[in-house]
Amino acid sequence: MTKRNLLLEIGLEEMPARFITDTINQLASKVENWLKNNNIGFDGIHLYSTPRRLAVLVMNVDERQEDSVEEAKGPAKKIALSESGEWSKAAMGFTRGQGMSVDDIFFKEINGVEYAHISKFIKGQEITQLLVELQAIVTSLTFPKNMRWADLDMRYVRPIKWLVAMFGNDVVPFEIAGVQTGNVTRGHRFLGEDNVILSNPEAYEEVLLGQYVVADAKKRKDAIISQLEKIEEENGWVIPVDEDLLEEVNNLVEYPTALYGRFEEEFLEIPSEVLITSMKEHQRYFPVKSADGELLPHFITIRNGDHLHIEKVARGNEKVLRARLADAAFFYKEDQKLQIDAALAKLKNIVYHEEIGTIAEKAERVRKLVNLIAERLDFAADVTKAADRAAQISKFDLVSQMVYEFPELQGIMGEKYALQKGESQEVAAAINEHYMPRNANDSVPGTPAGALVAIADKLDTIISFFSLGIIPSGSQDPYALRRQATGIVQTLIEKRWDISIEKLVGFSLSLISDAGISKRNDEEIYHELIQFFKLRVKHLLQERGIRYDINDAVLGGELGSVSELTEKADALQAASSDEGFKESMESLSRVLNIASKKDVLGDINPELFENEYEQKLYEKYLDLGRKIESGVDAVTYYQLLVAMKPEINDYFDNTMVMSDNAEVKENRLNQMAALAVLIIKMAKVNEIVVK
Amino acid sequence: MNIQNMILTLQKHWSEKGCILMQAYDVEKGAGTMSPYTFLRAIGPEPWNVAYVEPSRRPADGRYGENPNRLYQHHQFQVIMKPSPDNIQEIYLESLKALGIDPLEHDIRFVEDNWENPSLGCAGLGWEVWLDGMEITQFTYFQQVGGLDCKPVSVEITYGIERLASYIQDKENVFDLEWTNGFTVRDIFGQPEYEHSKYTFETSDQEMLFNLFNIYEKEAHRQMDEGLVHPAYDYVLKCSHVFNILDARGAISVTERTGYIARCRNLAKKVAKTFYEEREKLGFPIIKRKEQVEND
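Chains as they are written, first to last, in the numbering used here: chain V, 1 to 691; chain H, 1001 to 1296.
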């Protein structure tokens, strides 16, 4: 079959950098699906995206759809055929409607009933007629934010300026928002030409390169990286590359040229976090460090253009940065005047959330919660004291000029300013750490005081919003409650704190309830919260590589201490490849299955035992109880459980739990239930799939 | 190029592109967008192309004339074109060339920046235009004004005159900018900057300002009820300015702030709706006239 290459390019006014990667992937998958759904063969798709264009080049597309066979279902057999075996009107009508005859009918059973069917041969069409459907693909792209322009009703990410749609050398004709497709693209806004004719689709990338457009986003990014490496090499610098920034910068340019400038050394007196944030957030610059990690008074920017007059561009950027840094220096100086007490007083007037109250009120609740948790965990007095103070002043830097200007520096400035105001190292560090982990890749707080405040602050946030009925669902999680819950769980796991999620949630919920924030039934909120945390734990265990069934098994009961829970999951996962694992689990599961017939736990009476196996299992059970009394790790616990296998098996081989004697039956169920409690402490092993 | 010549150059450029050249509107305001030539005219179906310089007051940015980058009052060169022309980016870039900024010698970029002014019920999408890393222009396609959807859509181009001049004249301090031969920004605005800052932060009579807000607000509502949009809108602007002074002074608590912003928004929405209704009563005369011109 003859094949041609297919090119589709959407030319736009500059798109928001943050939308580009998602959008080009969306376009490519829509085109690919469309080709597949239409039985059109092709070899592969190249993706191109810049701020001004989204394009796909599909290689070796068949000129004609593949032929296909389609089945159509008609009336049931008893309606299609009369008793004498003649075709009914219904059958004839059905085949006529399909353009076929009754001779083509065959029968096929669906849910036990036979239906008339015909099978139609569909000859593949020339795809030139189908290609205009690309129009619908272009208009069906979705964006996080849309706009209207001129006097059009259409909504799109930015105004459409030109459209290229070519099948081989032919233009696929359609129109969107008054723009007609053609074979004419545009080069770089300043360095290229406005009307660039494409002789064929495969020339696209090369023609654009000649027009100062690196259309392949990956190649553009690689070019930036290699230019950065060259600058590093020539100057003996280290340029730490923030992936998000690189992605954004890459989507702000069509023809990247890295250049560097400098700023006055006196600005290095400002904390380096501030300098880096100012460079990144305001200017999208890469900071520069020395080989030993010191921040240097230089910056890198990526120009959308070539090397000509690059000195002028560098000077311009230096001037802008100088003004920015002068502002930062001013804020830093002003902040030196800030007193912690005065800052705390201001927090009484800053609303955290209209229905939750002020930030001062929140900090006060967090402080109480910190003390409750510290008491429960029996922390040393100095840790509790540091955590208490840190919780009290955890938010004071929110009123500083620097944090007002750079919200992402919250906590970081708090730590610096707290030290300057004479707070202890522990308190200062905890102020910074209480925001940790700040994102999915961030680590958990390092100090115990920091971890205490971090957990308390996040609990308070999550539970406040749950109390108002603001609960994450689907993609809706405006207050990032999921991330915060995950942060709590990660911290608890890493710190191996022996406190249950249930307890933590209970503490915080009662404080929030006392504050009168809650508008809903506490018990209902509590259950939602436990479910919410269970899901977070489940995701974390999945990421840890725990099998789904082991995951279900350990999450079958109470959450309890999540660090213990993780250890149990790890122990089971490790044991699952052992020989005899299947038999051990089956043995323990028998206990659980039969124990489920008993709700209320009663005492075991050894005098009612009728055989030695009951007695032996009972002794093993008492022995297990003694061994775990002093606390054992998960692996040992698992081994102790598994060690009971012979006794359990002997017991079942020789004992009928559901005895005719009611008293004996009750006693046996009691023994099973008591044993089940100890097994479930490990996991609901009957959830584990063994083959 | 001095500021005066910059303004003349921009006026000539946009006048040639079909804009009516207007003068600044004579009521205090925080941004060129709040001029009735923008805020009101962006509403409704009538075409509108206009350019003007707007002195914009930002009481909170007052620094007694001591900060090299901040001003109580700066100047915006404001362009509105409705409906937004197809080649508006190119027309804008030509204006930079007219100011002596050759794109081949610089790095010019359109960086996403969406504009929202909740106190006016306004929202738009667009960019800030970067010149070698400096934001020199706000470029916005209005989507909503005064709570009303814009149809057709206006494009608003706002040049920060002092910003741009500091680049063109290569000055570090805004007060050293040359306005015209022999006159700097300091000569013209130095004293007012100091006095307005002192007034805003120290000597303003807060009680009087709170009273004025209430009086202006009442009068705005009363005039709107009469269908008199423009007098009403003048009082809306006055409310907004008085609020800005009080806010800069720190006289409005966070909780109260939300309330005042809501009151400003209510005024803006009502005035937008009234303007639309009054233009409709007049039969949207600019459309009618344009049709006549086209038929002749």
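Incorrect hints may have been included.
With a cut-off of at most 25 Å between alpha-carbon atoms, the simulated BS3-like pairs for lysine-lysine come out as follows [unchecked claim]:
hint: 1; chain 1: H; residue 1: K1238; chain 2: V; residue 2: K161
hint: 2; chain 1: V; residue 1: K312; chain 2: H; residue 2: K1097
hint: 3; chain 1: V; residue 1: K337; chain 2: H; residue 2: K1097
hint: 4; chain 1: H; residue 1: K1198; chain 2: V; residue 2: K161
hint: 5; chain 1: V; residue 1: K145; chain 2: H; residue 2: K1097
hint: 6; chain 1: H; residue 1: K1198; chain 2: V; residue 2: K346
Hints were generated in silico from the structure; no laboratory data involved.
Checklist entry - Given the hinted pair V/K312 and H/K1097, is their alpha-carbon gap at most 25 Å? => result 16 Å, holds
Checklist entry - Within a Cα-Cα threshold of 25 Å, do H/K1198 and V/K161 meet the stated pairing? => result At roughly 50 Å apart (the allowed maximum being 25 Å), V/K161 and H/K1198 break the hint.
Next on the checklist: For H/K1198 and V/K346, compute the direct alpha-carbon distance and say whether it is at most 25 Å.
Outcome noted: 24 Å, holds
Checklist entry - Hey, H/K1238 versus V/K161, does the alpha-carbon distance stay inside 25 Å? => result 41 Å, violated
Checklist entry - Taken at face value, is the distance from the CA of H/K1097 to the CA of V/K145 at most 25 Å? => result 32 Å, violated
Next on the checklist: Would the hint linking V/K337 and H/K1097 be met if the CA-CA limit is 25 Å?
Outcome noted: Distance ~46 Å between V/K337 and H/K1097 Cα, so the pair is violated.
Figure legend: structure checked against the earlier numbered hints; hints not met, in rising order: 1, 3, 4, 5.
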